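4 protein chains.
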Amino acid sequence: MSKAHVFPLRVYYEDTDAGGIVYYANYLKYAERARSEMLREVGIESSRLMDEDNIALTVRKCAVDYHKPARLDDALEVHTRITQVGGASLQGAQHIKCDGKDIVVVHIKLACMAMTGKPARLPEGLRATLDQLVEK
Amino acid sequence: MSKAHVFPLRVYYEDTDAGGIVYYANYLKYAERARSEMLREVGIESSRLMDEDNIALTVRKCAVDYHKPARLDDALEVHTRITQVGGASLQGAQHIKCDGKDIVVVHIKLACMAMTGKPARLPEGLRATLDQLVEK
Amino acid sequence: MSKAHVFPLRVYYEDTDAGGIVYYANYLKYAERARSEMLREVGIESSRLMDEDNIALTVRKCAVDYHKPARLDDALEVHTRITQVGGASLQGAQHIKCDGKDIVVVHIKLACMAMTGKPARLPEGLRATLDQLVEK
Amino acid sequence: MSKAHVFPLRVYYEDTDAGGIVYYANYLKYAERARSEMLREVGIESSRLMDEDNIALTVRKCAVDYHKPARLDDALEVHTRITQVGGASLQGAQHIKCDGKDIVVVHIKLACMAMTGKPARLPEGLRATLDQLVEK
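Quick note, the sequences are listed as chains A, B, C and D, same order.
In terms of my numbering, the first sequence opens at residue 1 and continues consecutively.
In terms of my numbering, the second sequence opens at residue 1 and continues consecutively.
In terms of my numbering, the third sequence opens at residue 1 and continues consecutively.
In terms of my numbering, the fourth sequence opens at residue 1 and continues consecutively.
Isolated chain A, as found in the complex (with noise of 0.2 Å):
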């Protein structure tokens, strides 16, 4: 199995709530800052998929599971795998830790979307770099 993407996070006042853990929903944009710098590190991102190619990769599905809560001032790592590549989407895996444990399992499908909100097949180059980082 190919390495994880490794992100490292510190939990800030903004993502926590008054039960004194982190906000359910924050969690997912933890994983999606850590999709981002993988994507980042192959030469992908975001805003000139949107400004050159006319497409953004959107979230289709997503299941999460909340095994322990983080907290406060927590140091997280989100450990981001990609599990499969299609014409026009790809899936993967996240899983969001403290102190070595997971804590926060995420599965997630994405979809190539164009800007006008249809449905896009992913690009030859991203896809041939999306596979690339596919678990083998």
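Any given hint might turn out to be false.
For chains that are exact copies, the list does not tell them apart, and a pair is met inside one copy or across any two.
As the list claims (entries may be wrong) - The calculated DMTMM-like cross-link candidates involving lysine to aspartate or glutamate, where the alpha carbons are at most 25 Å apart (straight line), are:
no.	residue 1	residue 2
1	Lys118	Asp99
2	Lys109	Asp53
3	Lys97	Glu124
4	Lys68	Glu52
5	Lys101	Glu45
6	Lys68	Asp51
7	Lys3	Glu41
8	Lys68	Glu41
Hints are computed from structural coordinates only; laboratory data are not their basis.
These numbers were taken from a predicted model, which means no experiment stands behind them.
Using the hints, position chains B, C and D against chain A.
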């Protein structure tokens, strides 16, 4: 099947992203506002659960299907049904609609947590109230 | 002095932080929801300004005084007045209230911006509508 | 003048809005992340202030000037200086920069609050540490 609880809301700038659509994590905020209002209508408030019962209902799992994006100024509705209540958890389905059609569907499992972070059983009165909300 | 526009809202988990109070940036979200609804009532929608006029009203300055924190489940009101309209900008005051008392006060200056990012003059029809909202 | 604390960050989808720029409230999140890291570097963590000293530093006032918008994928820096420390409050200036130029400037006043919601004096050790951060 019981009638769903319906919660109307509007899409503001804060909800959208540079792709021109509602950011994927923000539908989970909509879902939680709707759950809060459904519970408030039967006399349950999160702040009182915390202060008086020392518990919170926290999300253990959610699965989200994104069918169609919402955009700035859209008027949406969240249709919420509780589908199952157990000794320490409950499950529900939430359909976020625009112009009467499902755009995002959320299946969710909540668990009762003591403010210490440990799992807890649903207090009897709370469970009885939730049972009445379950679709029949 | 003209009557302020009043926008009611509820504090949800998403708005609060681990300090048990509404996170300081989120009052600016409340303020913007209120401005959006005030404008919608006189026929102005942000999405149409963008799509039809290629402009947006963007914030140039804001000054915020935090007198008292709001908490989970609080019912708040945002009282909004436009105080001045110029050729390319407008100013307003927004009082966020709980139990009838100001808890947060926002003074704000908005400027008209073309979607290219350049400053723009307020379209005549928009300016006339805004003028009617100014307190006299 | 003392050297400012510099905190680098990246703009993600979560930060932007349908206008294609960073949503105005989100710069306050950036400002707070920067303050948290500046304090963490001198041994002060918000979570420990809450748990051990039963206090939090809360925002009493802020004034924000928005000169130029940031966009998706921009690399920003927050330059933070504490300008004044009193018995129960402190003041600071935060310059958010893109390509070396100020895009948003935040002036802020924080006050020490007991977790009961009442104002409190800064604990002596905390105040001494903050004093050392003040520009000379």
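field: 25 Å Cα threshold - placement of Glu41 relative to Lys68
entry: For Lys68 and Glu41, the Cα distance exceeds 25 Å both inside one copy (29 Å) and across copies (27 Å).
query: Within a copy, between copies, both or neither: where do Lys97 and Glu124 come within 25 Å Cα-Cα?
result: Neither: 33 Å inside a copy, 35 Å across copies.
- prompt: Checking Lys101 and Glu45: alpha-carbon separation at most 25 Å within a copy, between copies, both or neither?
  reply: between (30 Å within a copy, 23 Å between copies)
message: Checking an output row: Lys68 and Asp51, CA cutoff 25 Å. Within, between, both or neither?
response: between (39 Å within a copy, 20 Å between copies)
field: 25 Å Cα threshold - placement of Asp53 relative to Lys109
entry: within (20 Å within a copy, 36 Å between copies)
- request: Please work out whether the CA atoms of Lys68 and Glu52 approach to 25 Å or closer within one copy, between two copies, in both situations, or in neither?
  value: between (41 Å within a copy, 23 Å between copies)
task: Measure nothing new, just compare the shortest in-copy and cross-copy C-alpha distances for Lys3 and Glu41 to 25 Å and report within, between, both or neither.
output: Within one copy only: 14 Å inside, 31 Å across.
- request: Give the relationship of Lys118 and Asp99 under a CA distance limit of 25 Å: within one copy only, between copies only, both, or neither.
  value: between (41 Å within a copy, 19 Å between copies)
Hints 3, 8 from the list above are not met by this structure, while the remaining hints are.
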